[in-house]
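Dock chain B against the given chain A, drawing on the hints supplied.
One line per chain: the protein sequences are A and B, in this order.
Mapped onto the working numbering, the consecutive letters of the first sequence carry residue numbers 1 to 413.
Mapped onto the working numbering, the consecutive letters of the second sequence carry residue numbers 1 to 413.
A portion of the hints provided could be inaccurate.
Below, simulated BS3-like cross-link-like pairs (lysine-lysine); rule was C-alpha separation at most 30 Å, straight line [said to hold, decoys possible]:
#: 1; chain 1: A; residue 1: Lys250; chain 2: A; residue 2: Lys284
#: 2; chain 1: A; residue 1: Lys283; chain 2: B; residue 2: Lys283
#: 3; chain 1: B; residue 1: Lys284; chain 2: A; residue 2: Lys82
#: 4; chain 1: A; residue 1: Lys283; chain 2: B; residue 2: Lys82
#: 5; chain 1: B; residue 1: Lys233; chain 2: B; residue 2: Lys284
Hints are computed from structural coordinates only; laboratory data are not their basis.
There are 2 protein chains.
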Amino acid sequence: MVAKNALYAQSGGVTAVINASACGLIETARLHTDTIANVFAGRNGIIGILTEDLIDTSFETKEDIAALKYTPGGAFGSCRYKLKSPEENKADYERIFRVFEAHNIGYFFYNGGGDSQDTAYKISQVSKERGYPLICIGIPKTIDNDIPFTDSCPGFGSVAKYVAISIREAGLDVASMASSSTKVFILEVMGRHAGWIAAASGLAKEQEGQAPHLILFPEIPFDETVFCQHVQKTVERFGYCAMVVSEGVKYANGNFLSESGLKDAFGHAQLGGVAPTLAQMIKKNLGLKYHWAVSDYLQRSARHIASQVDVDQAYALGKAAVEFALQGKNAIMPIIERKSNSPYRWEIGEIELHKVANQEKKMPRDFISQDGFGITQACRDYITPLIQGEAYPPYRNGLPNYVTLKNVNGVKS
Amino acid sequence: MVAKNALYAQSGGVTAVINASACGLIETARLHTDTIANVFAGRNGIIGILTEDLIDTSFETKEDIAALKYTPGGAFGSCRYKLKSPEENKADYERIFRVFEAHNIGYFFYNGGGDSQDTAYKISQVSKERGYPLICIGIPKTIDNDIPFTDSCPGFGSVAKYVAISIREAGLDVASMASSSTKVFILEVMGRHAGWIAAASGLAKEQEGQAPHLILFPEIPFDETVFCQHVQKTVERFGYCAMVVSEGVKYANGNFLSESGLKDAFGHAQLGGVAPTLAQMIKKNLGLKYHWAVSDYLQRSARHIASQVDVDQAYALGKAAVEFALQGKNAIMPIIERKSNSPYRWEIGEIELHKVANQEKKMPRDFISQDGFGITQACRDYITPLIQGEAYPPYRNGLPNYVTLKNVNGVKS
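Chain A on its own, in the form it takes in the complex (with noise of 0.2 Å):
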């Protein structure tokens, strides 16, 4: 068999452990040369492929690729652009196959959500259609963990171990000021259609009376009243309330409490800020002192402090992915398969992608306690596992050493 090269996509938004991910797959490829010539990478994701703009990994040190493992972002660039369907946009996908023809491409690994692996498929089908030997495997990632058959998508773990140790933190920090100064904590954390996240911070509860004190879920339906007695009752019973909401809390009718009015490539509605909006539903109805934070982009980019499993089964995909590669299997995902909880074992399986394509896997209603505010056992059963290890980076001169990769492009057809 002669050897082929390999293409490699980052793609949506990026994780703390994606570039693990990356790590595993090239690491892995660079032991079977005699069947992966090389690594190619898309700039910027799938834009990269159609622009013919391909960074060759074989530039890349062996110690640069190692210090993937522990560098947040995607190293190569990541896009969100979603292929529309080969009946709607042909020539995109003309494109990409004559790129992967010009660099001899026989292996496709595309790293992300949902949508990705919508787009791994439909590349895997046109591949069949047009009779180009392609292996086409979707590696999964996502902090929102909605990829469903996976039991986990990597960067869920590390985002969850973030938002529960900073609503640790910050519960105690309100503790200390609740008597004279503060009386409401609300840190905002990204979820736009499950809860997941939101959920995570509730294990940093371990106790009654600990943040967090309340959860807001885009799960259940918000009601003002409500959340603002909830909130009265949990002052006036501990003191404070330290609590957590996740952006994309929704009313009754499907508004979300707060938009930006922006919408991303995908035409996601791009939210931001209900951790203010509520404040001034605090501050208006209670007339309670609050500060509110807004974690964003470093909750999923929090290296600092990522989840040991999260980064191993991250590496454990991406090297899956290759390996699954040179067995011949096609058209397929590797997944987390949980074997037990306690102690929590799991093994590498694989999904067809055509299953996986565009679902989106919902958080179970009994991971929410009844009064909607909080997390069941059944939810810290299922989480708990993923959090465990601190995957601690290298440090120089008192700073993550991460690593900037040399990106150098492969030669041009």
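Chain B in isolation, oriented as in the chain A frame:
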């Protein structure tokens, strides 16, 4: 000499390391029970003294006191309450000294910022006037780094480390997304009147092109046009712009960019929301996609990534306070004296409280670059030593294992 009791109180906004000072103080006092019989703590700072709500720290185990070294927030509760002068509020001082007397207090340790050092000084003065034998020692604490005479203030090094790490991480995230999505990222940090914390973020930039590309200081009057030009230029040059903005940024006329309208007990305006204000400007003037984060309490409670130097100094100052007291020194505050930058060496010194009271240390103008948007080498040389070392807390079940003290009340008089 008959042993007397000590009274310790925390004041003002808490930090990631104020409890490390408490730890140094209590551990050292416990070695000298022949002189300091017991350490009481004011519940919620001086309010606990005024209400005779004293915590008896002898109920706390050695292990729990040791755990204070890695626990953020104020373990005994803090407060925002400024004592007026003895002329204006005789009753408060009367009450304080009755409580001192009832509990045989011979040592008063007040752990706080500039306002609190003023309080400590007033109490030392009144003790003299009343002929009440009291040793009164201030312990510096503030993330704002604005207490004079001490080279650095405990709490600042850790928030400095946190914001520098955060903008480095978020910068890598935005760099990945910029080609098709977010081009501007704004991180709002604390710092009401001085740009120390904003300046610290500048340490993340070690090479041209790295984040932060832009820092907005309270010291530099804000000009919307100049600001937007700078953002535009940065995006053109590097593809994106990641910036850090101090909550205290003001227009040339002295108005804050964003005021919440609330004031704290010291009469300072409670700020917040500069980041979304700037985001709106960028949207309106440049039409660029943005994200913003407000780290608020997260930055000052982020014990999970505290600076080892900061923890060491906080502990040393608490320890020194007791040692000075044992030497019979009075009405002073232990300080950090910098002996050299490279290698960084520091020692504990002392300063009279009357010199410190109500003073504010401004950031030297030559710490800010000529264009007003960055930091100078002098600034780097000053801050870099303060963020060295990672003082990781212990973890249990994936989260920092912070201590909650018993906080049992002492016997009432």
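Verification of the hints:
At roughly 20 Å between alpha-carbon atoms, Lys250 of chain A and Lys284 of chain A fall within 30 Å of each other, so this suggested pair holds. Distance check on the hinted pair: Lys283 of chain A and Lys283 of chain B sit about 28 Å apart at the alpha-carbon level, within 30 Å; holds. This hinted pair checks out: Lys284 of chain B and Lys82 of chain A have alpha carbons roughly 27 Å apart, not beyond 30 Å. For a cut-off of 30 Å, the pair hint linking Lys283 of chain A to Lys82 of chain B stands: about 24 Å separates their Cα positions.
Taking the CA atoms of Lys233 of chain B and Lys284 of chain B, the gap is near 16 Å; set against the 30 Å cutoff, the hint holds.
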